[in-house]
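Visitor: Listed below are the residues making up each chain.
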Amino acid sequence: MIEVENLTKRYGPTLAVSNISFNVQEGEILGFLGPNGAGKTTTMRIITGFLSASSGRVRVSGFDVAEQPLEVKKRIGYLPENPPVYPDMTVNEYLAFVGRIKGVPRSDLKKRIGEVSEKCAVANVANRQIGKLSKGYRQRVGLAQALMVNPDVLILDEPTAGLDPKQIIETRELIKGLAGHHTVILSTHILPEVSRTCQRVVVINQGKVVAVGAPDELTARLQGYGTVLVSAEGPAPEIIGKLQSVPGVNLVEPREAAESRVTLEVHVEKERDVRAELARAVVESGWKLFELKTSGMSLEDIFLKLTTHDLSEGKPAPENPPVQQDAAPAEN
Amino acid sequence: MRNILAIAGKELRAYFHSPIAYLVMAVYSVLCGFFFYSFTATYVVQSLRMQAMGGMGAPPMTLNDYVIRPLFEGVLSVVLLLLIPLITMRLYAEEKRSGTIELLLTSPLTDLEIILGKFLGALLLYAAMVVITFGYVSTLFIYGNPDAKPLLAQALGLFLFGSALLALGMWISTFTKNQIIAAVVSFAVFLLFYVFDWVTAYSSGTLGKVFSYLAFTTHFDTFAKGVIDLRDLVYYLSVIVLGIFLTARSVEALKGRV
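Here the protein sequences line up with chains A and B, keeping their order.
In case it helps, the numbering used here puts the first sequence at residues 1 to 332.
In case it helps, the numbering used here puts the second sequence at residues 1 to 258.
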């Protein structure tokens with residue numbers, strides 16, 4: 001649906017985006033993850049045709065953005081970081097204007113405004129001036145704007161920025177509901193957002209793609225092993241010894257010990273669930289088991305790992321980002 | 001065309017939903033009204049004096065020469081120096097500041113459609129000001145009998161003159177997010193073009209001719225006299241086209257394509 005090939009954007013001497021390539025499948029929600037200033041907004045602006053690329057190409061539904069911008073623009077709904085609203089218009093006036101410039105047929109305009117207002121929960125403020133609405137409402141009006149033409153592709157730049165927690169959840173649900181009907185790219189620097197909304201993630205740092213994959217896939221790939229946390233009461237050395245002997249366990253490390261209670265980090269082989277065996281081992285030895293849970297490497301950890309080191313330390317820049325795995329094995 | 005009208009309608013609505021349109025029209029009405037009153041009063045006093053002196057073979061004072069023409073020339077400076085920058089300053093600067101430029105440039109519109117739409121919106125507001133001018137002038141027909149024919153040329157001249165400035169002001173507005181800066185720079189540029197023909201006073205060579213040709217005012221003189229001269233028509237139309245072309249270049253540069 002969206003093909004980005006070797007995209008590069010320079011602002012004078014600064015390289016904002018450097019040789020980025022990735023694809024987005026139809027109906028997919030792709031998360032675009034990276035710290036502020038990583039080049040997320042620039043990439044999105046190039047896809048929408050707002051900026052032109054220095055080199056490389058972007059195709060949306062087979063149309064090249066540089067060569068047939070109007071065809072691409074007809075198919076894209078775009079919500080920039082700051083919702084592009086006119087404060088002196090009412091919500092209805094604004095959506096009508098957007099519909100007109102985006103080519104919604106006059107006869108459908110009213111119906112379409114009703115639909116998107118309903119979907120984005122702005123119908124109750126239809127006749128209020130946008131400038132007098134709260135940030136949350138303005139964001140949703142912006143989203144309604146992006147949906148006006150029922151676009152094939154939706155590009156959302158930090159759609160939950162500046163919203164309160166309740167609104168964030170509502171917006172996420174709304175975006176999730178769009179999958180299937182629309183292909184969505186959403187950018188964010190908020191990690192839980194990605195794991196909760198997106199099927200696939202492109203991690204970008206300093207203008208380069210550093211990893212691509214599903215959120216869990218990334219976790220598994222970068223970690224190389226699973227971790228189970230075991231909290232039990234009993235003599236620590238013996239517990240450790242006992243757990244070491246459970247098949248599938250690589251290493252047991254104490255994490256914290258308070259009085260007679262210890263919390264242990266058990267590293268187990270990848271894709272092997274040994275929780276039941278661990279529980280049995282503890283209980284059968286007569287110790288008290290308080291807690292037992294798997295602890296995946298959080299997306300935060302991965303993100304930090306990907307964006308804070310390794311890149312600068314002599315590792316070559318990824319030539320073919322979608323298949324590479326550019327991260328050191330987890331050190332612990 | 002539908003797209004151009006959609007943009008023009010949005011611009012017009014923005015003018016009338018903010019104080020700008022009312023302010024500009026009110027200021028214009030007051031200044032234009034004062035000019036009109038002064039010229040008419042002067043005319044009345046002087047023509048009475050002439051009558052008292054018995055005329056003595058002097059050519060009769062006409063309303064066209066003593067009221068209408070000075071009015072158009074006077075209005076020119078007011079429009080030129082003050083009000084056109086107020087109309088054009090927001091055209092692009094405001095869109096850039098509020099981020100709505102992203103909406104416009106990612107909609108399936110060509111840059112030219114957006115530019116022409118904005119120009120048309122500003123032009124319609126300006127047209128209302130030209131109509132105000134004629135509101136004053138038309139009262140002369142109640143109390144006197146001025147020659148109506150030159151009015152057509154004068155109206156056309158005023159309209160073209162303002163249009164040329166609108167096009168240039170729009171171009172200047174693409175460079176900044178700050179409307180005040182857009183207005184001040186436009187004001188400076190317009191003032192410069194207004195006084196360019198001063199150069200002829202001290203330089204009679206080619207340079208003087210060039211500057212005199214470039215001056216906005218040189219080309220208004222014939223219109224003010226009630227004559228439509230093709231050369232002046234071409235001049236103003238060229239400035240309009242140039243302004244639109246430069247705006248298009250500048251918008252293109254915004255996208256980083258230059």
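If you're looking for bench data, these hints aren't it; they were derived computationally from the structure.
Note that this is a predicted model, so its numbers are computed, not measured.
Hints should not be assumed to be uniformly reliable.
Unchecked claim - Computed footprint of chain B on chain A; a stretch qualifies when at least three of its residues, placed anywhere within it, have a C-beta under 8 Å from a C-beta of chain B:
#, segment
1, 48-55
2, 254-262
Said to hold, decoys possible - These stretches of chain B come out as covered by chain A in the derived footprint (C-beta under 8 Å, 3 or more residues):
#, segment
3, 154-160
4, 167-175
5, 200-211
Stated by the list, open to error - Think about it this way: if two alpha-carbon atoms lie no more than 27 Å apart in a straight line, the pair counts; the simulated BS3-like pairs of lysine-lysine are:
#, chain 1, residue 1, chain 2, residue 2
6, A, K208, A, K111
7, B, K209, B, K225
8, A, K208, B, K255
9, A, K110, A, K132
10, B, K96, A, K132
11, A, K166, A, K176
12, B, K177, A, K135
13, B, K96, B, K225
14, A, K135, B, K96
15, A, K242, A, K176
16, A, K208, A, K242
17, A, K111, A, K132
18, B, K177, A, K132
19, A, K132, A, K166
20, A, K74, B, K225
21, B, K96, A, K74
22, B, K255, B, K96
23, A, K166, A, K208
24, A, K74, A, K119
Backbone N, C-alpha and C fix where the C-beta goes; we use that ideal spot for every residue, glycine too.
Visitor: Against this structure, judge whether each hint is valid.
Guide: Results for each hint:
With 6 residues bearing a CB less than 8 Å from a CB of chain B, the segment 48-55 of chain A meets the requirement of three and the coverage assertion stands. A count of 0 residues in the segment 254-262 of chain A with a Cβ less than 8 Å from any Cβ of chain B is obtained; the coverage claim is therefore unmet, three being the minimum. Counting residues of the segment 154-160 of chain B whose beta carbon lies closer than 8 Å to any beta carbon of chain A gives 0, which falls below the threshold of three, so the coverage claim is violated. With 0 residues bearing a CB less than 8 Å from a CB of chain A, the segment 167-175 of chain B misses the requirement of three and the coverage assertion fails.
Note: the segment 200-211 of chain B has 0 residues with beta-carbon separation from chain A under 8 Å; the three-residue rule is not met and the coverage is violated. With a CA separation close to 43 Å, the supplied pair K208/A and K111/A exceeds the 27 Å bound. Restraint check for K209/B and K225/B: the C-alpha separation of about 21 Å stays at or below 27 Å, so the hint holds. Among the hinted pairs, K208/A with K255/B is consistent with the structure: their alpha-carbon atoms are about 21 Å apart, no more than 27 Å.
Simply put, K110/A and K132/A have alpha-carbon atoms about 23 Å apart, close enough for the 27 Å limit, and the pair holds. Between K96/B and K132/A, the direct Cα distance comes to roughly 20 Å. Compliance with the 27 Å bound is thereby established for this hinted pair. Proximity of K166/A to K176/A is assessed by CA-CA distance (about 16 Å); at most 27 Å being required, the pair is judged to hold. Restraint check for K177/B and K135/A: the C-alpha separation of about 22 Å stays at or below 27 Å, so the hint holds.
Restraint check for K96/B and K225/B: the C-alpha separation of about 42 Å exceeds 27 Å, so the hint is violated. Taken as a hint, the K135/A and K96/B pair is honoured in the structure, with Cα atoms around 19 Å apart against an allowance of 27 Å. Distance check on the hinted pair: K242/A and K176/A sit about 45 Å apart at the alpha-carbon level, beyond 27 Å; violated. Taken as a hint, the K208/A and K242/A pair is broken in the structure, with Cα atoms around 46 Å apart against an allowance of 27 Å.
Taking the CA atoms of K111/A and K132/A, the gap is near 25 Å; set against the 27 Å cutoff, the hint holds. With a CA separation close to 22 Å, the supplied pair K177/B and K132/A stays within the 27 Å bound. At most 27 Å may separate the alpha-carbon atoms for a hinted pair to count; K132/A and K166/A meet this at roughly 20 Å. Restraint check for K74/A and K225/B: not satisfied, since their Cα atoms lie roughly 51 Å apart, outside the 27 Å limit.
Proposed proximity of K96/B and K74/A is supported: the alpha carbons are some 22 Å apart, at most 27 Å. For the hint pairing K255/B with K96/B, the CA-to-CA distance comes to about 12 Å; that is within 27 Å, so the pair holds. Between the alpha carbons of K166/A and K208/A the distance comes to roughly 33 Å, so the proposed pair goes past 27 Å and is violated. Taking the CA atoms of K74/A and K119/A, the gap is about 21 Å. The hint holds against a cut of 27 Å.
In summary, the structure is inconsistent with hints 2, 3, 4, 5, 6, 13, 15, 16, 20 and 23 from the numbered list given earlier, while agreeing with the others.
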